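K.L.:
Next come the chains, spelled out residue by residue.
Number of protein chains: 4
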Amino acid sequence: MTLPEKTQLLSRTIEHIDITRINVVPLVESMGRMSFSARDLSRAADIYDRMLRDDGCGIILCLAGSLVSAGLKKVFAEMIRCRMVDAIVSNGANIVDQDFFEALGFRHYIAEERLRSGMHDDALRELHIDRIYDTLIDEDDLRVCDETTREIADSLEPRPYSSREFIREMGAYLQEHGCKADESIVHEAFKAEVPIFCPAFSDCSAGFGLVAHQHARGDGPKVSIDSAKDFYELTLLKVKNTTTGLFMVGGGIPKNFAQDIVVAAEVLGFDAPMHKYAIQVTVADVRDGALSGSTLKEASSWGKVDTAFEQMVFSEATLAVPLIVGYAYQKGAWRDRPASRWSTLLESVREVSA
Amino acid sequence: MTLPEKTQLLSRTIEHIDITRINVVPLVESMGRMSFSARDLSRAADIYDRMLRDDGCGIILCLAGSLVSAGLKKVFAEMIRCRMVDAIVSNGANIVDQDFFEALGFRHYIAEERLRSGMHDDALRELHIDRIYDTLIDEDDLRVCDETTREIADSLEPRPYSSREFIREMGAYLQEHGCKADESIVHEAFKAEVPIFCPAFSDCSAGFGLVAHQHARGDGPKVSIDSAKDFYELTLLKVKNTTTGLFMVGGGIPKNFAQDIVVAAEVLGFDAPMHKYAIQVTVADVRDGALSGSTLKEASSWGKVDTAFEQMVFSEATLAVPLIVGYAYQKGAWRDRPASRWSTLLESVREVSA
Amino acid sequence: MTLPEKTQLLSRTIEHIDITRINVVPLVESMGRMSFSARDLSRAADIYDRMLRDDGCGIILCLAGSLVSAGLKKVFAEMIRCRMVDAIVSNGANIVDQDFFEALGFRHYIAEERLRSGMHDDALRELHIDRIYDTLIDEDDLRVCDETTREIADSLEPRPYSSREFIREMGAYLQEHGCKADESIVHEAFKAEVPIFCPAFSDCSAGFGLVAHQHARGDGPKVSIDSAKDFYELTLLKVKNTTTGLFMVGGGIPKNFAQDIVVAAEVLGFDAPMHKYAIQVTVADVRDGALSGSTLKEASSWGKVDTAFEQMVFSEATLAVPLIVGYAYQKGAWRDRPASRWSTLLESVREVSA
Amino acid sequence: MTLPEKTQLLSRTIEHIDITRINVVPLVESMGRMSFSARDLSRAADIYDRMLRDDGCGIILCLAGSLVSAGLKKVFAEMIRCRMVDAIVSNGANIVDQDFFEALGFRHYIAEERLRSGMHDDALRELHIDRIYDTLIDEDDLRVCDETTREIADSLEPRPYSSREFIREMGAYLQEHGCKADESIVHEAFKAEVPIFCPAFSDCSAGFGLVAHQHARGDGPKVSIDSAKDFYELTLLKVKNTTTGLFMVGGGIPKNFAQDIVVAAEVLGFDAPMHKYAIQVTVADVRDGALSGSTLKEASSWGKVDTAFEQMVFSEATLAVPLIVGYAYQKGAWRDRPASRWSTLLESVREVSA
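Keeping their order, the protein sequence lines are chains A, B, C and D. If you read the first sequence in my numbering, its first letter stands for residue 12, the second for the next number, and so on. If you read the second sequence in my numbering, its first letter stands for residue 12, the second for the next number, and so on. If you read the third sequence in my numbering, its first letter stands for residue 12, the second for the next number, and so on. If you read the fourth sequence in my numbering, its first letter stands for residue 12, the second for the next number, and so on.
Don't take every hint at face value.
Stated by the list, open to error - Cross-link-like lysine-lysine pairs, in silico, DSSO-like; alpha carbons within 27 Å at most:
no., chain 1, residue 1, chain 2, residue 2
1, C, LYS17, D, LYS308
2, C, LYS308, B, LYS308
3, C, LYS308, C, LYS202
4, A, LYS17, A, LYS191
5, A, LYS308, D, LYS17
6, B, LYS17, A, LYS308
7, C, LYS308, D, LYS17
8, D, LYS191, D, LYS17
Stated by the list, open to error - Partial list, computed: chain D residues near chain B (C-beta under 7 Å):
no., residue
9, THR31
10, LEU38
11, SER41
12, GLY43
13, MET45
14, SER46
15, GLU194
16, PRO284
17, MET285
18, GLU327
19, LEU330
Stated by the list, open to error - Derived DEER-like restraints, expressed as beta-carbon distance ranges:
no., chain 1, residue 1, chain 2, residue 2, range
20, C, GLU123, B, PRO284, 56 to 62 Å
21, A, PRO232, B, GLU277, 55 to 61 Å
22, B, GLU124, D, ASP133, 47 to 53 Å
23, A, GLU123, B, GLU124, 33 to 39 Å
24, A, ASP151, C, ASP193, 56 to 62 Å
25, D, GLY231, C, ASP193, 44 to 50 Å
26, B, GLU277, A, GLU123, 23 to 29 Å
No lab work stands behind these hints: they were computed from the structure. Please read these numbers as outputs of a predicted model, since none were measured by experiment. Glycine is no exception: its CB is placed at the ideal position from the N, C-alpha and C atoms.
Required output: the full structure, derived from the provided sequences and hints.
P.N.:
Here it is as structure tokens:
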């Protein structure tokens, strides 16, 4: 049961699914007349299509888990390109360790089946290979990604940044140095002026770069990441674009963060309506009371989500997301949808008043 | 099916379990000779006991989900009082919306069984009642909590703060104004100099206060929350106290954040060993590849967690945590364990060098 | 929140998905290069395709849960028609309460979303409406189904029957009286001589009919259902057709029953190899040690399933089954696969010898 | 990573928890004032206590999964001894492969942690060791158990038996040959005249014995297992003892079977009330529409379970069952509860009339 060479372990790359080439509309429509998760998925796809057709509705995509390494990157990049999303709230891993990482020219790899058992993790560590369930990463590549975020931090004027501002700089870096992947969420978002927020931005590869940056700067002026500013900026977007819908993949902090802006707007004295649409794809349990699996009806008691168009889909994301996005893509509502370029809204943050 | 008055809906309070008065040792020991989750739980309790007996081992408690509102507050407060934990990494909800909230004199309430159905959430919203599965909160009380965090922000010198620094100020506020609950994690941690980190600090009641603070300050100097500094500080603790163990309740960002400091220390040029001990209580699935349910063996491939003493317990926290902590409490290793007062280590952050 | 009339509640019928009209091959192939459940599903589809191409491999389909009421009936009926399955082991509900029920002319209905909450179940009972999560049944129709199974029992020669024999009589009943649904598993299996086994046959609508039959017969001669004979018959099929593959939807007794025939053959003195192929679609947990979620590797320790071609897919069946069966259908291996007509093998059961 | 000798692998025995020696009342009472699963568990324990105090209420215990091998045998044996249960409906594994197996003098063993990975299952098969997640069985011992059930079948008058009748003969066998375990569910049930039903009786070790018996008898008279008779007998118990409560551990066929007797009684023309009490401990999902995780409210739409006293507890059984049964045991209601000796009610089955 010894492992092969590192190069052999890292030889089969994860390929990102291309939902523009697969017509899933008949499948998803059929599912709508079935029961259980099939019907829920079909309704979620329909609600997403409604969001896209609702004039002036801003769509916020929330990402948790390891979605990019799992092969969903092209789906999200396509959503940006096709004006199917106006802002993204994500954990750091999807944006930095996985998307920006691939944009630097690195890849994720398919793990041999036996590696899932956990019995070889010590051996993988010796080889500098990191494992995400059935997926492998070259840790040496990841160190380059950490280092690149440090370079970016080092190059910036020392002051507090929202994660959104920092990620925009990462997009500018790709624009300047070239994006070495076929597509990139960070790069597409930069070009389309779609803001990306990571409410726990130090909890990823960028965190390593920022810690190195701050450590080197010592007592001197340095870049800091102001998570309150993130929340403020996303709230302002809600204030300026009151009709909103949430498309949540996984739960956790991105879900809570995006839901909370309704209340934050109210705290600032604005009269912002609840999110009009909300769909969530998750495998989380409702029974432990944690937010990741809490129903969208529950969010309604908090005044965050309206109940007319909400749908939970209990499924692992790699199965459900291609069907939901593929359905909405094929239905084509995005063709008539204008680009929102929400990042530009935030350039003039200071002029906002209640 | 109409609802009763608000006062009647909010009449039965959640009471926090007191594990110092219940001897669970025979139960947990018996479980160790059974199968499945019982045996896992028993081993996790034993590993926690080993952490407490390992001279110089620093223990980091990670909290995700709604644990304080669920009645586990006294368990965690007791862990601080009895020197059974040296640092805490948490989502914001447990620390601010739930613990600090109760310390301000507010309570959580038991929801009637039918409210779980979600069929009454619109009615609850009308009454300003927020629901967490089977638990209720008076939203008007929560607004006071938001406002108090704003007051604290307003009172501080404008500069970037780690969440740890800000939460320490919340503890100082309780010390000064009085803690109106029988016990409080924030207050006990303040007194015992146990640092608390919230890597996504704006994602909670404090976020509302901070957004209000920053909005009012406009272009002027203001308090910001530097999540990179959080990561830097926790990494320094690892550097200064190299033997460590993790006690994780739930997964998400607290789990990832605390695991990552091993790698961050290495990035800074320090030779920090993996976490020597790690236990996690969770209901999350391994099968979606997300971190919350990923095995601790997998973390070993990343060089974060050693595999000799690690144990996952697949259980909802309210069932497992009282047994694990109760067992270790009754076994009494804490009696001979010195107070670590890690917060004091961080006062002199700048002198660290590789 | 009062409910509408019964006729209105039972107005939208469940429609069965037709996988012959949807080409899912590009989707399933793309999933094979992703991670997590997508890759697992793709591999399961490939293993099913291999079973179909393996000359002489007998395929046993195991069904647990409420799959027919959920809209998967046409998938399974098509598998029989297209010689993609050689025997079926099922819980009673799918075969009698749901498939035979529809063949008698009755339907399943889509429940309004709020009915899932459970808050209206008392009202449904008053209306003689039974609920399966999001699906409704007219209990008066179900009583007709019970009564029909009693009629069949009354018409038979009194002796012990295997469930396989009794279900064959149900197929003969449909052949004679006409099948009132577009398709029926029981009827297709009758015509194609595909045996169907229900190891807990009294645990369904047929149980009500049989209890009524036995009650009326009192001390006199009566029909009985010999579950040992079921096991004996399925074992004989393994003996006569040694290369086998399992396609399991859900776990429970059908899974265990079909796995066990390898050991039973050995107990009878035959040298039967393990099941060569095995795939399972389930949402069950591995962590409680119960069989439904136990891995197929574990079955290998029992000498039941070979490990070269086995794959678990953690997904709710309505999402995964159309993709797996649709893939194999479109790949077309069934076109060259001969009909096995295994029921005819069992007519001469008594001549078997070791 | 080679495995040690078989004797070493099978050296640490599973020990059954003794809930009579551990006072869990303060723990369970505290849990009732918490949230989530703790509160649910506490309410389930209270409902079980109410069942025991309700004069004339018959209690049916339903068992699915691998509970006896997991160390819960003594809990169930104690329930029989202390008149805390009046009938048992189980899968075959718990009763035959695990309880009767231990009564023959065999044991279950604790598996080394690494064996759970599935990476050693081929090696275990070579050693004739069967694995249930983290538990091991000597397959040679199991073959003796199969053979003993065959001996029992060979010794009986050839006719259809309910599983209840056959299991009673297994109890008589232990009474005659001696029970070689400290306690046995089958043996205690025999002595206390508590009937045990296995609706899928051939799906276990007894199935192997019965197949061998039937194979050897060829066309001659033989023992058969009439599952319809099982259902008829349990229905008669409901008719004769109309107030009933269900204590369900796991779901599956035992749950459905026991719930269905309310409807079966009605089919026979008796006016039987719904089960007055119902509690279920399970890890199953509600979201796949399968019965194992379906709510007890849903069972109410079928007219099977009353909604006033029902409670689901989402927990793995080894954690929750000792607390629920331990609580009720310590509360002591069983002391004043008469023995029901339901098996004796069934001796005169034929005299029943509507």
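K.L.:
Compare the structure with each hint and give your call.
P.N.:
Against the structure, the hints come out as follows:
1. C/LYS17 x D/LYS308: 19 Å, holds
2. C/LYS308 x B/LYS308: Holds, because 19 Å separates the two Cα atoms, which is no more than 27 Å.
3. C/LYS308 x C/LYS202: 36 Å, violated
4. A/LYS17 x A/LYS191: Measuring from Cα to Cα gives roughly 23 Å; hence the hint holds.
5. A/LYS308 x D/LYS17: It is violated: about 54 Å lies between the C-alpha atoms, which goes past 27 Å.
6. B/LYS17 x A/LYS308: Roughly 19 Å separates the two Cα atoms, so the pair holds.
7. C/LYS308 x D/LYS17: 19 Å, holds
8. D/LYS191 x D/LYS17: 23 Å, holds
9. THR31: 12 Å, violated
10. LEU38: D/LEU38 check passes; min Cβ-Cβ to chain B is 5 Å, inside 7 Å.
11. SER41: Holds, about 4 Å.
12. GLY43: This hint is violated: D/GLY43 lies away from chain B, its Cβ roughly 9 Å from the closest one there, beyond 7 Å.
13. MET45: Because about 3 Å separates D/MET45 from the closest Cβ in chain B, which is inside the 7 Å limit, the hint holds.
14. SER46: With a closest approach of 4 Å, the D/SER46 hint holds.
15. GLU194: With Cβ-Cβ at 15 Å, over 7 Å, it is violated.
16. PRO284: D/PRO284 check fails; min Cβ-Cβ to chain B is 22 Å, beyond 7 Å.
17. MET285: 18 Å, violated
18. GLU327: Since the shortest Cβ distance to chain B is 4 Å, the answer is holds.
19. LEU330: Holds - the Cβ of D/LEU330 comes within 7 Å of chain B, reaching about 5 Å at its closest.
20. C/GLU123 x B/PRO284: 56 to 62 Å: Taking Cβ atoms as reference, C/GLU123 and B/PRO284 lie about 58 Å apart, which means the hint holds.
21. A/PRO232 x B/GLU277: 55 to 61 Å: 26 Å, violated
22. B/GLU124 x D/ASP133: 47 to 53 Å: Hint holds: Cβ distance 49 Å, inside 47 to 53 Å.
23. A/GLU123 x B/GLU124: 33 to 39 Å: The hinted range 33 to 39 Å is violated for A/GLU123 and B/GLU124, with Cβ atoms some 48 Å apart.
24. A/ASP151 x C/ASP193: 56 to 62 Å: Because 59 Å falls inside the window, the suggested range holds.
25. D/GLY231 x C/ASP193: 44 to 50 Å: 45 Å, holds
26. B/GLU277 x A/GLU123: 23 to 29 Å: 27 Å, holds
In this structure, the hints that do not hold are numbers 3, 5, 9, 12, 15, 16, 17, 21, 23, in rising order.
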